[in-house]
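Trainee: Since chain A is already given, all that's left is putting chain B on it; use the hints.
Each chain, letter by letter, is given below.
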Amino acid sequence: MAEPSQLSQYIESFVDSSRSPTQQAASLEAIASLLKNNQLTIETLVREMEGYLTTVDNIIRARGILLLGEVLVCLASKPLDDATIHSLIGFFTDRLADWRALRGALVGCLALMRRKSSGGMVCGSDAKAVAESYLQNLQVQSLGQYERKLSFELMECVLERYPNAVASLGDTLIYGICESVDGEKDPHCLMLTFHIIEVLSRLFPDPSDALAGFAHELFEILGCYFPIHFTHQKDEDMTIKRDDLARALMLAFSSTPLFEPYAIPLLLEKLSSSLPSAKLDSLRYLTDCTMKYGADRMAKHIEAIWSSLKEAIFTSLDSVLLFTPESLEGPDLPKNEIAAEALSLLEKLIVQNTKLFLDLIVGDEDISMIFNTLSDYKNYHEIPLERKQRLNAVGRILFTTAKASQVSCNRVFECFFSRLMDILGLSARNSSGQPFFEESILISKRCNHGALYLSIEILSACRDMIASSETILAATSHTEETWKYLLQSFSSALTMGFCSAFICSSEGTHDAATYIGVKGLLILATFPGGYSLISKTVFEKILVTFVSIINEEYSKRLPWKLALKALVEIGSFIERYHESEKEPSYMDIVVEKILSLAFVGDFGIPFPLRLEALSDIGTSGRSYMLKVVQGLEEAIYANLYEVYVCMANKLLLILKDNYHVHGSTNSAEIVTHLLKCYSDKVIPWIRCEKGFEEVLLQFAINIWNQFENSTHFNASQTNKKGVLDVMMKAMRLAVANCSEEKQNIIVQKSYNILSSSISFPLEEMLLQEGFQIAQEVDNISSRDEWVLSLFAAVTIAVHPQTHIPNTRSIVSLFMTTLLKGNVVAAQALGSMVNKLDLKSMRGQTSSDCTLEEAMDIILNLSLWIFDKNSSSSIQSKMISVHDTGLNDLSNGVGSCTSLQIHAILGLAWIGKGLLMRGHEKVNDITMIFLRCLQSSGRAGISHQETSISENNYKLDLHNSVMKTAADAFQILIGDCEQCLNREFHAIIRPLYKQRFFSAVMPVLQSLVMKLEPLSRSFLFRASAHVIIDTPLIVVLSDTKKIIPMLLDGLSALSNDVVDKDVLYGLLLVLSGILMDKNGQEAVSDSAHTVVNCLVDLTRYPHMMLVRETAMQCLIAISGLSHARIYPMRTQVLQAVIKALDDPKRAVRREAVRCRQAWSVFSECWHQLHQEASISNSFHSFSQVQ
Amino acid sequence: MVSGLINANPIVYEKKERRVRNEAAVPDEYAVEPIDQLEIFDILFFFFLIFLLVYATYCYRSVKESPSIVLMLSIFTSYYGEQVILIFLTFLNHIRDIKDPEHPYSLEELKVITEDAIEVDNERSYVRVTFTPTVEHCSMATVIGLCLRVKLMRSLPSRYKMDIRVAPGTHATEAAVNKQLNDKERVAAALENPNLLDMVDECLAPSYA
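Same order as they appear, the protein sequences are chains A and B. Letter by letter, the first sequence follows residues 1 to 1185 of UniProt numbering. Letter by letter, the second sequence follows residues 1 to 209 of UniProt numbering.
The following block holds chain A by itself, in its conformation from the complex (with noise of 0.2 Å):
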């Protein structure tokens, strides 16, 4: 027990109002553990807060008993016994009528009524007296906002939770209820009012029940507030917004049916107000109300509600349909939120009273009005623009009830469908029957596309009803459905009907008639249910029109992606629906002539949009992919096959296969779209759809194996470098996309190749005969070239798990091509060392190596290119290899040169590799790189005596190594596409940049110190790399030393035209340092040389981006301190007024901000010393005039 002091300070605390709230929050807290924990009983804390519950002293009373409430809201999980409860719950119930002290027997009251039932609950009779004492009481209207609202929390909460003890108590209870709820202003209490009549009309639901006499009255309360208008500031009551009031009141008005003579015929009324969002509520709660007040109520008021309704969607709707592929698929919602709303309370009412609200809409006049007008414009664009909205209402009407249920369908059918058969001069005959010759010319004549564009949303509605009834056997088994035999009759004569507005529309003159064709044919042909509504002649005939349009009418784009949309959407929709009936069909007549595409080469489609034709019509459904893809694969063996024969071969082929007419070179031209296709559209789909690499696998491997067949290869031309492009691209996707066990697969069978047909050099001979290299590389034939590119191609992308075979030589051999400028040989090589293992595994062979091994090959056979002292001999040998027959020297040079170049090239992809994982081996690639830079033309030149003519030109030569070493540290941190990516699941090491950039910057900085001014720019050229392509962020974070290197860059690089890209991207960097905070202040002291290196970019010749961006950051500078950049003021205007004549315009805008962004911060400065009146100033310039 805890001892009574100590509690009474506690009490003591609390109830002393001088108190800060902390100190009366923390007493609260104190007492309440201590009864939480058993320390105190409720007992001793009532009679030792005795006298603060019972003094006459109304604030410390108020204080008390507030105790007592709060307390007891924190016990509400603590078990109590009812004797207490029943006692607390009296004293409560007194205290109700004190009204000085009311806000502690509120949370009292409300704290007991909440509690669960595993705790001990207020009994019925003790809640009965609650609400009796509260109706007794309360005047709720007449209490602050606070306690208006624990009121109506304690009513809200007797009626849901004891609704058998009060509703005893009848019209004493409504009255009081509606006493205390009229006039409430505040969102919060409003609420909670809305939500007590809501459960009090469901406490009563009987209409002979009191409730009855009181609707009207509570009615006249709740009626004034709609439609809900929300005054309040947005800052305050956020957690209130206007759609929850809205919704709080839909649900009090429909919360009973007694409530329908007075809320009818005011949701009508406000219905017609011109303010949108009251329309909208009106729509939304006579939905509800009409779901909840029942069809009988409902029938009395349809007719007024049917006028207003028809008003609304009138003049809601838009008068513009649109005419686009994307709005063929699906019912076109309104985008109006108004006619949405009142399109589905119509399919409600429809629901509900069918037979009532059909009559209405087929007897209306205006809906007939329009039936009448039909024929008076035959093309939409003639129809007025008032008139086309009218239209699209009735349009929307009639898809809205003819989609509501079978009898409203069979209604519209009856009523409206046969008249506009007849309107459209369409005779009914049986479904098999075809249409006479004549007949279709004379509809041609005829099409009127009103009456079609309404016989497309009543089709169109038909189509979803069925679709979406559970099952569409129920639907179609019920034969004597007026609708069924109405579309059976119809079928064929609207197919041609369609067909001629489309012919109509090809003699050229608008989008609507085409539009509207091809909709209604798509709508027919995806008819659920089979051939049981639409036969198969007219299915067929439907996907003939549209083949034929993709195949005839390509010179036109709408129509013709219209098409193919269409057919799409059909192929799709059969996929959906298990069509089996119809698949075959779809599958003849439109993925057989489309698959034709790819073959046949002297139609005049151009081969793009066949291709697209093609791989759109795959991505309708797997079986068709299926299909298409083994298509595609066909034309592009047979197009490979051309390639690989020589011209020799060729005639015999025409003769074989007619296919076949054009040359080799068209198609080489051919399978490089196919190739594209194959690898932009078919391959991302089979990513997305599981279960599809079979089909990666069987691509590659049949490319494999086409190679192994074809022996007389012959591809030297120089157009066939393209195609070896897309295939190693295509190659590349299949495999990357493959799982390991079918990469390893794939791998094994290109080795397999790749060894029968190149001999592997040998390591040892690598090291000791390395003059021999140049050679055997140049022997190499040109298939066995596309075979080594192809395998390199498999070596990008398979996973760091796939086993590649013979690393070893694998690794001798691409170091070799590469030596011989093979890019993609490189590549490969960057990836296998960025994949290889770092430990040798159990149960390897001796052919395999580690990641340590094959480095040491790279790295000796590089060094000894680059180690010029210890291989003058062989380099000496080598130039005599090379240049048998030729003496010339320069020559000699030359072919050096250019294997270092290519050396670079290929150490650059393989220090990627090694980077990107994170391996320290990269340093000594770095370190080569770097002595590239530094070894300013002395060795192999300088000790051969030569002319100074000749000297120069090998300087030149050299200069070239020593820009590509400088390259290759673009190579080396840029992000690359081909390979070394996550898609081509190389290994990322976190942060990679980052590091690279800490550890190479002080090298590079310290080399600029040490070299002399012509190979610096060199230096300041793999800088400008380095920094390019680190992110931002990391640069941020080291501008002050960055900041000389980069100006010293941009500089360098600004001498030469060819280098605009890389200067463009270094002054990204220097504006992106500009636009920082941290960056500016780094900037301030060396602004001097920043503003000189951007004003002299201002003049850059070669690029716009660079003078413009130039100025950006001349404005940027312009907000650093003003002592600080003032002395460059005059410096920057000049500049800045010959920008403005500047022959671009986006410069010349810039210029003209920067411009006033320097002139403004130096009027600042001498306004600071003037002191002078406006009036001054008018009265000197009035003296002027």
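One should not assume that every hint holds.
With a straight-line cut-off of 30 Å between C-alpha atoms, the simulated DSBU-like cross-links for lysine-lysine are [said to hold, decoys possible]:
hint: 1; chain 1: A; residue 1: LYS378; chain 2: A; residue 2: LYS556
hint: 2; chain 1: A; residue 1: LYS355; chain 2: A; residue 2: LYS300
hint: 3; chain 1: A; residue 1: LYS270; chain 2: A; residue 2: LYS378
hint: 4; chain 1: A; residue 1: LYS1041; chain 2: B; residue 2: LYS161
hint: 5; chain 1: A; residue 1: LYS1144; chain 2: B; residue 2: LYS161
hint: 6; chain 1: B; residue 1: LYS161; chain 2: A; residue 2: LYS300
hint: 7; chain 1: A; residue 1: LYS300; chain 2: A; residue 2: LYS270
hint: 8; chain 1: A; residue 1: LYS378; chain 2: A; residue 2: LYS348
hint: 9; chain 1: A; residue 1: LYS292; chain 2: A; residue 2: LYS348
Computed list of chain B residues with no C-beta within reach of chain A, every gap over 10 Å [stated by the list, open to error]:
hint: 10; residue: ALA31
hint: 11; residue: GLU33
hint: 12; residue: GLN37
hint: 13; residue: ALA117
hint: 14; residue: GLU123
hint: 15; residue: THR130
hint: 16; residue: SER158
hint: 17; residue: LYS161
hint: 18; residue: MET162
hint: 19; residue: ARG165
hint: 20; residue: PRO168
hint: 21; residue: ASN178
hint: 22; residue: LYS184
Some chain A residues close to chain B (C-beta under 10 Å, calculated; not the full set) [stated by the list, open to error]:
hint: 23; residue: LYS116
hint: 24; residue: ALA1123
hint: 25; residue: ALA1151
hint: 26; residue: VAL1160
Worth flagging that the hints you see were computed from the coordinates, not collected in a lab. Note that this is a predicted model, so its numbers are computed, not measured. Every residue, glycine too, gets a C-beta built ideally from N, C-alpha and C.
Mentor: For chain B alone, kept in the frame of chain A given last:
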């Protein structure tokens, strides 16, 4: 205090479809893009947008709401009769507070300036702007003209000669205004006056954003 609006019911003209510059698909790095009508219009457009916002705010919002404005107005109106200019200026001071760009009338609808009213000849370095004051006795005409002139001076290369005119028949003292606006000496004198320059700068400041 402010008693009424000078032009409470401005004539609103239908907005003309703006000419859109079609950019070349493959931009030519070395092609020259001469200064043309549209560019001048763009230079001035921002300024007019600001002017119009002020004007419209003046027309449609209660001036008396802001205490600082009321204070300034009471000081100035006791001094001068040129109420409108004052309101214009005070609103310009507060222009940054106006956030709502959804304004009933846009600049072009009021036809203060249109694209057709600009003549430009890049070869001969000549530009002429004709503007239309909203009412005949618009006392802002000279201020608008001066602002236009300064804006062009700062935005065009120095080789340009510019000519600012009030549209014929739209202003009561047309000749005087034209003469004043195109007199180099008077403009220079006006701009030498630091306070007048301040005013112009303040008018133009938002247009450089």
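Trainee: Now tell me if each hint is right for this structure.
Mentor: Here is how each hint holds up against the structure:
This hinted pair checks out: A/LYS378 and A/LYS556 have alpha carbons roughly 23 Å apart, not beyond 30 Å. Proximity of A/LYS355 to A/LYS300 is assessed by CA-CA distance (about 14 Å); at most 30 Å being required, the pair is judged to hold. Of the pairs offered as hints, the one joining A/LYS270 and A/LYS378 is violated, with about 39 Å between alpha carbons and a cut-off of 30 Å exceeded. With a CA separation close to 48 Å, the supplied pair A/LYS1041 and B/LYS161 exceeds the 30 Å bound.
At roughly 20 Å between alpha-carbon atoms, A/LYS1144 and B/LYS161 fall within 30 Å of each other, so this suggested pair holds. Restraint check for B/LYS161 and A/LYS300: the C-alpha separation of about 80 Å exceeds 30 Å, so the hint is violated. Restraint check for A/LYS300 and A/LYS270: satisfied, since their Cα atoms lie roughly 18 Å apart, inside the 30 Å limit. As the CA atoms of A/LYS378 and A/LYS348 are separated by approximately 34 Å, the hinted pair breaks the 30 Å bound.
Of the supplied pair hints, the one linking A/LYS292 and A/LYS348 holds, its CA atoms being roughly 11 Å apart against a limit of 30 Å. The Cβ of B/ALA31 sits about 8 Å from the closest Cβ of chain A, inside the 10 Å cut-off, so the non-interface label is violated. With a minimum CB-CB distance of about 5 Å to chain A, B/GLU33 fails to clear the 10 Å threshold, and the non-interface call is violated. With a cut of 10 Å on Cβ distances, B/GLN37 stays outside the contact zone with chain A, its closest approach being about 13 Å.
Residue placement check: B/ALA117 keeps its beta carbon more than 10 Å from all beta carbons of chain A (closest about 21 Å). With a least beta-carbon separation of about 13 Å from chain A, B/GLU123 lies farther than 10 Å from that chain, consistent with its non-interface assignment. Every CB of chain A lies more than 10 Å from the CB of B/THR130, the least distance being 21 Å, so the non-interface label holds. The Cβ of B/SER158 sits about 7 Å from the closest Cβ of chain A, inside the 10 Å cut-off, so the non-interface label is violated.
No Cβ of chain A approaches the Cβ of B/LYS161 within 10 Å, the least distance being about 14 Å, so the stated non-interface status holds. With a cut of 10 Å on Cβ distances, B/MET162 stays outside the contact zone with chain A, its closest approach being about 13 Å. Its beta-carbon lying about 17 Å from the closest one in chain A, B/ARG165 satisfies the requirement of being farther than 10 Å from that chain. Non-interface call for B/PRO168 relative to chain A: holds, since the shortest CB-CB distance, roughly 20 Å, exceeds 10 Å.
At roughly 13 Å from the closest C-beta of chain A, the C-beta of B/ASN178 stays outside 10 Å, upholding its exclusion from the interface. With a closest Cβ-Cβ approach of about 12 Å to chain A, B/LYS184 is found to remain outside the 10 Å limit, as its non-interface label requires. Contact between A/LYS116 and chain B, as hinted, is not supported at the beta carbon level, the nearest pair being about 51 Å apart and thus beyond 10 Å. Because the smallest distance between the Cβ of A/ALA1123 and any Cβ of chain B comes to about 22 Å, over 10 Å, the interface hint for this residue is violated.
Look at A/ALA1151: its Cβ gets to within about 9 Å of chain B, closer than 10 Å, so that hint holds up. For A/VAL1160, the suggested interface contact is upheld, since its CB lies about 7 Å from the closest CB of chain B, less than 10 Å.
Hint compliance for this structure: hints 3, 4, 6, 8, 10, 11, 16, 23 and 24 are broken, all remaining hints hold.
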